[in-house]
Each structure stands twice: as structure tokens, then as C-alpha cells.
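Using the sequences plus the hints, can you model the full thing?
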Amino acid sequence: MTMPDTPGTDTVEPSESIRPSRRHVLAALGATSILPSLVLERPRAWADTPLRLGDQKGGARSLIEAAGMTGNGALPVQWSLFAGAPMLIQALAANAVDAGVIGDAPLVFAQAGDVPVKAIAGIQTDGTTTAIVVAKNSPLRSVRDLKGKRVATLRAQTGHYLTLAALRAAGMKDDDVAFVFIPPVSAKLALQTGAVDAWATWGPYISDAKIADGAREIVNGGKLMSGLSYVVATEAALRDRRESLAGYLRRFHAAHRWMLTHQDIYAEVWGRDVGLPLPVARDVVRGLAGTVVPLSPDIIAKQQQVSDFMTETRMVPRRLDTAGIVDSSFTFQP
1355 MTMPDTPGTD TVEPSESIRP SRRHVLAALG ATSILPSLVL ERPRAWADTP
1405 LRLGDQKGGA RSLIEAAGMT GNGALPVQWS LFAGAPMLIQ ALAANAVDAG
1455 VIGDAPLVFA QAGDVPVKAI AGIQTDGTTT AIVVAKNSPL RSVRDLKGKR
1505 VATLRAQTGH YLTLAALRAA GMKDDDVAFV FIPPVSAKLA LQTGAVDAWA
1555 TWGPYISDAK IADGAREIVN GGKLMSGLSY VVATEAALRD RRESLAGYLR
1605 RFHAAHRWML THQDIYAEVW GRDVGLPLPV ARDVVRGLAG TVVPLSPDII
1655 AKQQQVSDFM TETRMVPRRL DTAGIVDSSF TFQP
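Residue numbers 1355 to 1688, in this note's numbering, belong to the letters of the sequence shown in order.
Quick caveat, the hints were computed from the structure, so don't treat them as lab data.
Errors might be hidden in some of the hints.
Simulated restraints, written as ranges between beta carbons of each label pair [said to hold, decoys possible]:
{"#": "1", "residue 1": "1685", "residue 2": "1498", "range": "28 to 38 Å"}
{"#": "2", "residue 1": "1501", "residue 2": "1539", "range": "39 to 49 Å"}
{"#": "3", "residue 1": "1525", "residue 2": "1480", "range": "16 to 26 Å"}
{"#": "4", "residue 1": "1529", "residue 2": "1647", "range": "43 to 53 Å"}
{"#": "5", "residue 1": "1648", "residue 2": "1470", "range": "15 to 25 Å"}
{"#": "6", "residue 1": "1618", "residue 2": "1529", "range": "23 to 33 Å"}
{"#": "7", "residue 1": "1528", "residue 2": "1629", "range": "32 to 42 Å"}
{"#": "8", "residue 1": "1419", "residue 2": "1496", "range": "37 to 47 Å"}
{"#": "9", "residue 1": "1652", "residue 2": "1524", "range": "25 to 35 Å"}
{"#": "10", "residue 1": "1491", "residue 2": "1683", "range": "45 to 55 Å"}
Even glycine gets a Cβ: it sits at the ideal position worked out from N, Cα and C.
Shown next as C-alpha cells:
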């Protein structure tokens, strides 16, 4: 389940090539809040030390709790909340957490920054949670109409990726739009006031813009993006906490299976957790519905395509081998 991209500063940046380094990837760690421990079933061999999981509001913790998959005598888990994927990546790099969920583009960015993590499972959705929207009364109707317009998004995150993919699919150039790199709260206001012409963003922001503000979607990632996000773990956790990670993945997999047949129940929990109205929550949860999958050759090939596209569009400076950032040994049998 991919969660919202990182809010950053409110500074408007002009479009430019991204040249990530370890310093860029490990940009300032956002403040976290350590949540009460959640527990999962524990074999006798599991250690008492909590598995430290990074999360975002409406993420894995709310899903597992909604599915009723907590209980006594189980593996202790310590949750830390982060504002978005780059902050979570920073925490993983600092060994402040053991595992978490990030999207396909942030995984490439982490690899480009030499962050010592590996993907251990995929979450496959239909990709439609990422979209480009315009204001209700905007004259823009298609991707081609974006030529020469200002598009708000987050640098090197899913909205940025989708915009570049949509431009290329429409036979346009990467610089046919002027990117305005600002966080979602600022982007929402900028779209409302006309300071930008379109907004490329993810899940809750898309649903809220459409339902609350009447924004119109002109393209989504259904045919342009992999629809994948990943459970990632640090190399230290892979070395020292493999049994705990495997147990967590089994529970996470089961919770996603539960969500597929209980979307209305989960929408109520998700909405309360994130603080958004139920209609918005229902729309978001429909897009979040997906399956936790092992890292098969097909999944790895899809991620390699994402990585190659990010290299072609200069979102990362060099070609990367996806095989170097995956551990495909995990399965999810009870």
C-alpha cells in the first residue's frame, strides 16, 4: 500500500534535472511519533525485542488493526509515524526503523542514494491512485492541453513520475510543462487559486480534491505506472530479524486479503485514522485494494522498467540494477 508522498517546504522550485546523492536521499528526517506497540502472533523462537516498523497515517498499522489481527502473546511491534517516503527512507538509512512500505519510485531513489535496504515483498494495485487533476472550471481536458502549463507535484515521487510518463505517452517532451515542486497542502491551495494549472499527486489528495473541490482527473496511472509499492527492510534487520520479518509479512498479506472483501469497514477505520470524510475514505480505499505478492521475476522486471524510466528522464543519474535491491526469498504461507 503506497502512502502519501512527503510534504516538504513551501518553497516553489523551477523545473530542473534531479541529481540525487546520498545527501539528497537522506534529507532531514521528519519528526516521528512512537505509537503504542501492536502485536502479531509469535512463535517461541521470536525475540522479545519489538520489530520497529515505519508507517504513515492510514498505513499498515490501521489496516492490521481494522482486520482484527492483533492479540496477546504475539510478536511486539513498535510503530513510528513519518510524513512520507523520503522521511521513512531516511529513518531506514539511519537504522532507526527495521522495515516499512514505500512506492516504486521512492525505491529507485533509495537505491540511487545507496541506502542499505532491500525490498522483501510487493503490494500490487491497479495504479489508479496516482493522477493528474485540474480545477473544476479549468479549460484543460487532456494531457496535450498541459503544454506550457504549471504542474504542481513532489520532486522524484509518484506524481512527478506519472506526469513525465503521460507526457511521453502523448508524444510530448519532458519540458513541455513547468514543474512546481511543492508539498500537497500548498499544491491544493495553488490549484484552487490558479497559481498552478494542474496537480499530480496520490490517493487521499486526489480523492479529496475530486470529492471536496470538484477537481477533474485528466489522466491516472492505470496504464502508465506499475501500481507497485514495496515492503522494504534494512540489511541489519534482514541479517538479525528474518523470522520476525517473515511473520510480519504473513500478517500483512492476510490483512490485505481481508481488505479485498471488507472495503467499507476499512474505509471507516481509515477515514478516522487520517481525518478525512467517509466518502473520501471509500474512494481512497478502492484504489488501495491490492495484494501482497512475493518478488517474482515478473515483479522485479516491472520495477526495472520503473528504474529505467527514471534514468531516461534524469530523475536518477545512472542506470540501476533492480536485482541489487531485492530479497526474493520471502513467502507468505501461514
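Do the hints match the structure? See the list:
1. 1685 - 1498: 28 to 38 Å: violated (45 Å)
2. 1501 - 1539: 39 to 49 Å: Since the Cβ atoms of residue 1501 and residue 1539 sit about 27 Å apart, the hinted range of 39 to 49 Å is violated.
3. 1525 - 1480: 16 to 26 Å: holds (25 Å)
4. 1529 - 1647: 43 to 53 Å: About 36 Å separates the Cβ atoms of residue 1529 and residue 1647, which means 43 to 53 Å is violated.
5. 1648 - 1470: 15 to 25 Å: Holds: the Cβ-Cβ distance is about 22 Å, inside 15 to 25 Å.
6. 1618 - 1529: 23 to 33 Å: violated (44 Å)
7. 1528 - 1629: 32 to 42 Å: Holds, at about 36 Å.
8. 1419 - 1496: 37 to 47 Å: Between residue 1419 and residue 1496, where Cβ atoms are some 41 Å apart, the hint holds.
9. 1652 - 1524: 25 to 35 Å: holds (27 Å)
10. 1491 - 1683: 45 to 55 Å: Holds - the Cβ-Cβ distance for residue 1491 and residue 1683, about 53 Å, lies within 45 to 55 Å.
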